[in-house]
Structures are given as structure tokens and as C-alpha cells.
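Participant: Here is what each chain is made of, one letter per residue.
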Amino acid sequence: MLQRLRQFCSLERLGRPVATAVPMLWLLLFFMLPFLIVLKISFSEALMAMPPYAPMIEWTHEQMLAIKLHLANYHFLFTDSLYLNSFLYSLKVATVSTLACLLLGYPMALAIARASPARRSLLLMLVILPFWTSFLLRIYAWIGLLKDDGLINNLLLSLHLIHEPIQMANTSFAVYIGIVYSYLPFMVLPLYTNLEKHDATLLEAAADLGAAPWKAFARITVPLSLPGVVAGALLVFIPAVGEYVIPTLLGSANQLMIGRVLSDEFFENRDWPVASAVAILILIVLLGPIVVFQRYRSRELGASA
Amino acid sequence: MKRRRTMLLPTILAFGFAFLYVPILSMVVYSFNASRLVTVWDPVHSPTLKWYTALFHNAQIIDAAWLSLKIAIMNATGAVILGTMAGFALARFGQFRGRGLLGGLTTAPLVLPEIITGLSLLLLFVAMEQLIGWPRGRGVTTITIAHISFSLSYVAVIVQARLVGFDESLEEAALDLGARPATVFLRITLPLIAPALLSGWLLSFTLSWDDVVISQFVAGPGSSTLPMVIFSKVRLGVSPDVNALATLMVSLVAVGVVASALFVQNRERRRMREMRMALAS
Numbered sequence: 001m002l003q004r005l006r007q008f009c010s011l012e013r014l015g016r017p018v019a020t021a022v023p024m025l026w027l028l029l030f031f032m033l034p035f036l037i038v039l040k041i042s043f044s045e046a047l048m049a050m051p052p053y054a055p056m057i058e059w060t061h062e063q064m065l066a067i068k069l070h071l072a073n074y075h076f077l078f079t080d081s082l083y084l085n086s087f088l089y090s091l092k093v094a095t096v097s098t099l100a101c102l103l104l105g106y107p108m109a110l111a112i113a114r115a116s117p118a119r120r121s122l123l124l125m126l127v128i129l130p131f132w133t134s135f136l137l138r139i140y141a142w143i144g145l146l147k148d149d150g151l152i153n154n155l156l157l158s159l160h161l162i163h164e165p166i167q168m169a170n171t172s173f174a175v176y177i178g179i180v181y182s183y184l185p186f187m188v189l190p191l192y193t194n195l196e197k198h199d200a201t202l203l204e205a206a207a208d209l210g211a212a213p214w215k216a217f218a219r220i221t222v223p224l225s226l227p228g229v230v231a232g233a234l235l236v237f238i239p240a241v242g243e244y245v246i247p248t249l250l251g252s253a254n255q256l257m258i259g260r261v262l263s264d265e266f267f268e269n270r271d272w273p274v275a276s277a278v279a280i281l282i283l284i285v286l287l288g289p290i291v292v293f294q295r296y297r298s299r300e301l302g303a304s305a
Numbered sequence: 001m002k003r004r005r006t007m008l009l010p011t012i013l014a015f016g017f018a019f020l021y022v023p024i025l026s027m028v029v030y031s032f033n034a035s036r037l038v039t040v041w042d043p044v045h046s047p048t049l050k051w052y053t054a055l056f057h058n059a060q061i062i063d064a065a066w067l068s069l070k071i072a073i074m075n076a077t078g079a080v081i082l083g084t085m086a087g088f089a090l091a092r093f094g095q096f097r098g099r100g101l102l103g104g105l106t107t108a109p110l111v112l113p114e115i116i117t118g119l120s121l122l123l124l125f126v127a128m129e130q131l132i133g134w135p136r137g138r139g140v141t142t143i144t145i146a147h148i149s150f151s152l153s154y155v156a157v158i159v160q161a162r163l164v165g166f167d168e169s170l171e172e173a174a175l176d177l178g179a180r181p182a183t184v185f186l187r188i189t190l191p192l193i194a195p196a197l198l199s200g201w202l203l204s205f206t207l208s209w210d211d212v213v214i215s216q217f218v219a220g221p222g223s224s225t226l227p228m229v230i231f232s233k234v235r236l237g238v239s240p241d242v243n244a245l246a247t248l249m250v251s252l253v254a255v256g257v258v259a260s261a262l263f264v265q266n267r268e269r270r271r272m273r274e275m276r277m278a279l280a281s
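Protein chains in written order, with the numbering used here: chain A, 1 to 305; chain B, 1 to 281.
The shape of chain A in the complex, shown without the other chains:
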């Protein structure tokens, strides 16, 4: 058997380098290298040309190699309050949305995990299903609901609960709704995966020993589910910070999120260096959460091996 295995491996030896190298090269070329270019351009000077930035390395007249590190883009980001404001606003929106997702998603995941096995797969499918339908169109649906003459206002007016429409579209409130709505499945799924594995006898033992259900929940279920909470929270928080479509469609024009600022710098102002500097700053802020997420993921896959 050992020899057979060795034979198997020897054939794999041919496939191995290919299977490792091809995706690796692809990702290095189309994922890693682009960041280095963004970093480089963030230190370049903007030019009215195509591409609209100055080369960083140049031969000067005296045949000297000149490397220009143009720090003005970053300096600019810290002097103009627009950037700092929209950065802080994005972090606030992402944090609040993550908490709201957790508040709604945790009981949902718990309810699914405690449902009968036959029903579980149906409920799980209902959580995943919206994910398969166009994200853009689902956000668009909220415009129709939240507008001044939208469904919600019409309903409240006809019930005489309000006398004039509440402005909900183009507000921060709409952005929160949109983000929670789109990212909720990302919170529920890792939580469910975690909660489903819990040993029900632990709760029974706690109940036998006289613990009230809420106490058993707080002392057993919550601590055990922390890895799921962390995974779900990061899956919502990290992309939400750079969210672009939701605030563009539902948010107000006076309070921009940083993703929109980046896009405007790039497409409207055609200032590629400043857009790159914004991207680098977002990356620096998100680096910590991304590293934590990766640690979690590799541990998760390692543990079930």
C-alpha cells in the first residue's frame, strides 16, 4: 500500500507544481502586483496626460536616476477635511451596520440551528436565496420603498400614522438599511455554521443544575459562538467600509462614504494619484481586520481536517 501511495504521489508530483503555480501566478499578477502599482501611483504627481500621473523614476539631464516620492497626495488627504470626515463616517456606518446585522442575525441563526433538521435546510436556503439574486436590483427595490412617495410612506399616510412623508431615501438611515439588508446573509451563515455544532447536552446539563435559560445562553452559547461572531462581523465590516453602490443609490449627497470619494476622485476629477492614496489609506485601516479574518479562516479549515 505504501508503494502504491508513493506511486500516486509521484504522479501528483507532476500535477503539483502546475496546480500550485498557475493560480499563484495568476493571483500574484492580477491581485498582488496591482497593489504595488496603486502604492507607486499614490506617490506620483498628477498630470494632465494619459495616464494622468508623472513617472516616479526618471533619467535627469545629467544622466542621473531620480526617484521622486511625491508625498503631497497624502498631505492633501489630511488637510482637506472632506477626506477625514468621509473616512470617519464610513467607519461609523460600517460599525453600526455590523452591530445591527449581529443583533438581527444572531437570533435568526440560533432559530435555524434549533429548528428540526428537516426544516433547517429550507430555512437556510431562504437565507442564501437573496444572495443569488442581483444585489444591485435588491438595493434598487429599497428606493421604491423608502422614497417620499414610496410604499412605506404611502402605507403610513393611509393608516394616518403620519401626516406628511418622512424623508428616508437619501439619508444615513437608508444607507444603514441597505447595508444590513445586503450583508445579513454573510452574518447569519458563519453564525449558523458555528451554532449548529454546539452540543445540546451542555444546555440540558445547565438546566438540570438549575440555570435559567437566559443564563445558560449567556454562559454557554454566547462564549462558544464567539468565533462565528468574529467571522460574521468581519465579513460585514470590511466590505462595508468601502461600500460604493449602496450609499450612491440610497445615501445623501452631503455625507459621502470613502468609497464614493475614491470613485469621484478617479472618474470625476481624474486625479489618479489622490484616488490611489485614498485606496492605500483604506487598505491600511482594513489590514488589521483582514489579517484577523485570514487567521480565523485558516484555523477553521485546519480544525475540521
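Rather than coming from a laboratory, the hints here were simulated on the basis of the structure.
Hints should not be assumed to be uniformly reliable.
[Claimed, not checked] Output of the computed footprint for chain B on chain A, the stretches with three or more beta carbons under 8 Å from beta carbons of chain B:
#1 141 to 150
#2 158 to 166
#3 219 to 230
#4 271 to 279
[Said to hold, decoys possible] Which residues of chain B face chain A? A partial, calculated answer using Cβ under 8 Å:
#5 PHE17
#6 PHE96
#7 THR206
#8 ALA246
[To be verified] For each label pair, taking beta carbons as the anchor points, the in silico distance ranges come out as:
#9 A:GLU164 / B:PRO43: 23 to 33 Å
#10 A:LEU155 / B:GLY256: 26 to 36 Å
#11 B:TRP41 / A:MET125: 46 to 56 Å
#12 A:LEU25 / B:TRP41: 53 to 63 Å
#13 A:VAL291 / B:ASP42: 51 to 61 Å
#14 B:PHE15 / A:MET125: 16 to 26 Å
#15 A:GLN255 / B:VAL29: 29 to 39 Å
#16 A:LEU25 / B:ALA194: 24 to 34 Å
#17 A:GLU164 / B:MET7: 34 to 44 Å
#18 B:ASP42 / A:LEU226: 51 to 61 Å
#19 A:LEU91 / B:GLY237: 22 to 32 Å
Glycine residues also receive a C-beta, built at the ideal position from the N, C-alpha and C atoms.
Assemble the complex: chain A is given as a structure, and chain B must be docked to it using the hints.
Facilitator: Chain B in isolation, oriented as in the chain A frame:
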């Protein structure tokens, strides 16, 4: 001892589902509304199919849909090939040099804000065109490359999870019985991970079909995908034919998901029956 059942959890679950599905249902209902004002129901002339007719006569939307379909199919196929390789390398090859790097490179795109991926890929394509003259301009090629680069991570994760979860003893047994490694791969490993490949393909297709942010960066003139057309339409205000489009897309997905669920259930049941018969004989 039976746990005390409260209504709290089921109530929140029902609320959560209402939250997820009411917006979708509202689009479906209003796609049959005759009024041009999207949120005012016109009881006299509704239901109507006129927005569906308008949709099929909108050449811009139809062209964009074909382009998106083409890109989504190429993307899904490419992503499944590359993602399966990466998933295999991560799950099966033990500790090799660069494993950490490959693992990092396949997880980061899962969470990275799309706007950053889009910007960085465009800057790469511009720099590459300057240096080596390829890709010439931007269009279908650059969109497809960009989509593969983030879809392959999803495939890698799905394949890796499937491989980590399954029993290698089946492959060992086949080898013991004298099967050649290539045969083992084709007859045992591949069928076992086939569901993962299928869901990876479908997921990649959906990711590409839906993507607007990254496409916007790497698309060129004349290569507007369907989400890009919808996005620019919707930015200008609500329009009823988008409701019709949404309804078509939602129904297609619903039919697909229900069909695949029935198929899987059916297969499970058949396998159970076969096992019972095998044990009885």
C-alpha cells in the same frame, strides 16, 4: 428534559425573512403596474405586461445582457479551473513553500472592498498596456480577467472545504485495488468534488453577472455590462422596466434553486434506496 420553547426566536426569524423578501416581492408586484409612477398602483389598467414588452424592445439592455452572459460564462469556467487548482493545493499538498502566500491571496479578495480591487486592476491594465502593449484598450478581456481574479477565491474556498471534509480512504482503497492514480482522480476524486465544482461555477457566474463596481473600472467604451446599464439607469431615478427585469431575474434564480434542491434530494433518496437494497440482498 425538553427545553422551554419561546416564541421570541421564531418571531425574529420571521421578521428577518420579511425584511429580506418584502423588497423583492414589491418589485415583482410593481412590475405589473401600469402607472409610470413606480409606487402608485394604477388599479384600472393593471396588471399589465407592458414593461416586459418595453424591456424586450430595449436594445441597450438586451445587448448588455448578452455581453454579461458571455463574460459570466467565461469567468465561471476560468474561475473553476484556477480555483480548483488552488483549493487542491491548499487542502492536499501539505506544507509547501508559499502555502501561506497562496492562502492569503485566495482569502483577501473575499472581503476586500470592490472599489479597491477595481481601481488597482485598472491601474495594472493601464501600466501593462504602456509596457507590453497588452491588453490593448479595455473591454471584454479586461472585465473577464478582473472577474476571474476575485471569483477564483470563492471556488478555492468551496473546493478546499469539500476536500478537507472528505475521506481519503476511498482513494487509498482504489489504489490498493490496483487502480492507476489518473483513474482514481477521474473516477473517484472528481465525482466526489463535482457538487463543489458545480456550486463554484454557479457562484462565480452570479458574482460576475452581478458585478458593477469592478466592471465600471475595467470596462472600456462600448463594453457596458448589464449591471452597469442598470446602475446608470437607476441613478437617474426609479424606472418600471427595471422592475420587470428584476422579476425575470428573480424568477429564474428561484426556479434554478428549487430545481437543484429537488435534484439533490432525489439523488439522496435514490442512494438511500440503493444502499437498503444492497444490504437486504
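Participant: For every hint, state whether the structure bears it out.
Facilitator: Now for the hints, and whether the structure bears them out:
1. Under the rule that three or more residues need a Cβ within less than 8 Å of chain B, the assignment of the stretch 141 to 150 of chain A holds, with 8 such residues.
2. Three residues within the 8 Å Cβ limit are the bar, and the stretch 158 to 166 of chain A against chain B gives 0, so the coverage statement is violated.
3. Counting residues of the stretch 219 to 230 of chain A whose CB lies closer than 8 Å to any CB of chain B gives 0, which falls below the minimum of 3, so the coverage claim is violated.
4. Proximity of the stretch 271 to 279 of chain A to chain B, defined as three or more residues with a beta carbon under 8 Å from a beta carbon of that chain, is established by the 4 residues found.
5. The interface hint given for PHE17 (chain B) holds, since its Cβ lies 6 Å from the closest Cβ of chain A, which is under the 8 Å cut-off.
6. At its closest, the beta carbon of PHE96 (chain B) sits 7 Å from a beta carbon of chain A; the interface hint therefore holds under the 8 Å criterion.
7. At its closest, the beta carbon of THR206 (chain B) sits 6 Å from a beta carbon of chain A; the interface hint therefore holds under the 8 Å criterion.
8. Annotation: ALA246 (chain B) was flagged as interfacial toward chain A, and the flag holds, the nearest CB pair being 4 Å apart, inside 8 Å.
9. Checked against the hint of 23 to 33 Å, the pair GLU164 (chain A) and PRO43 (chain B) passes, with Cβ atoms roughly 24 Å apart.
10. The hinted range of 26 to 36 Å is satisfied by LEU155 (chain A) and GLY256 (chain B), whose Cβ atoms lie roughly 32 Å apart.
11. A C-beta distance of roughly 31 Å is found between TRP41 (chain B) and MET125 (chain A), which places it outside the suggested range of 46 to 56 Å.
12. For LEU25 (chain A) and TRP41 (chain B), the Cβ-Cβ distance of about 56 Å falls inside the hinted range of 53 to 63 Å, so the restraint holds.
13. The given range of 51 to 61 Å is respected by VAL291 (chain A) and ASP42 (chain B), whose C-beta atoms sit roughly 54 Å from each other.
14. Against the hinted window of 16 to 26 Å, the Cβ-Cβ separation of PHE15 (chain B) and MET125 (chain A) comes to about 18 Å, which satisfies the hint.
15. Restraint check, GLN255 (chain A) to VAL29 (chain B): a C-beta distance of roughly 32 Å satisfies the suggested window 29 to 39 Å.
16. A hinted range of 24 to 34 Å for the beta carbons of LEU25 (chain A) and ALA194 (chain B) is consistent with their spacing of about 26 Å.
17. For GLU164 (chain A) and MET7 (chain B), the hinted distance range of 34 to 44 Å is satisfied, since their beta carbons lie about 36 Å from each other.
18. For ASP42 (chain B) and LEU226 (chain A), the Cβ-Cβ distance of about 52 Å falls inside the hinted range of 51 to 61 Å, so the restraint holds.
19. About 30 Å separates the C-beta atoms of LEU91 (chain A) and GLY237 (chain B), a value consistent with the hinted range of 22 to 32 Å.
Violated hints, in rising order: 2, 3, 11; the structure is consistent with all others.
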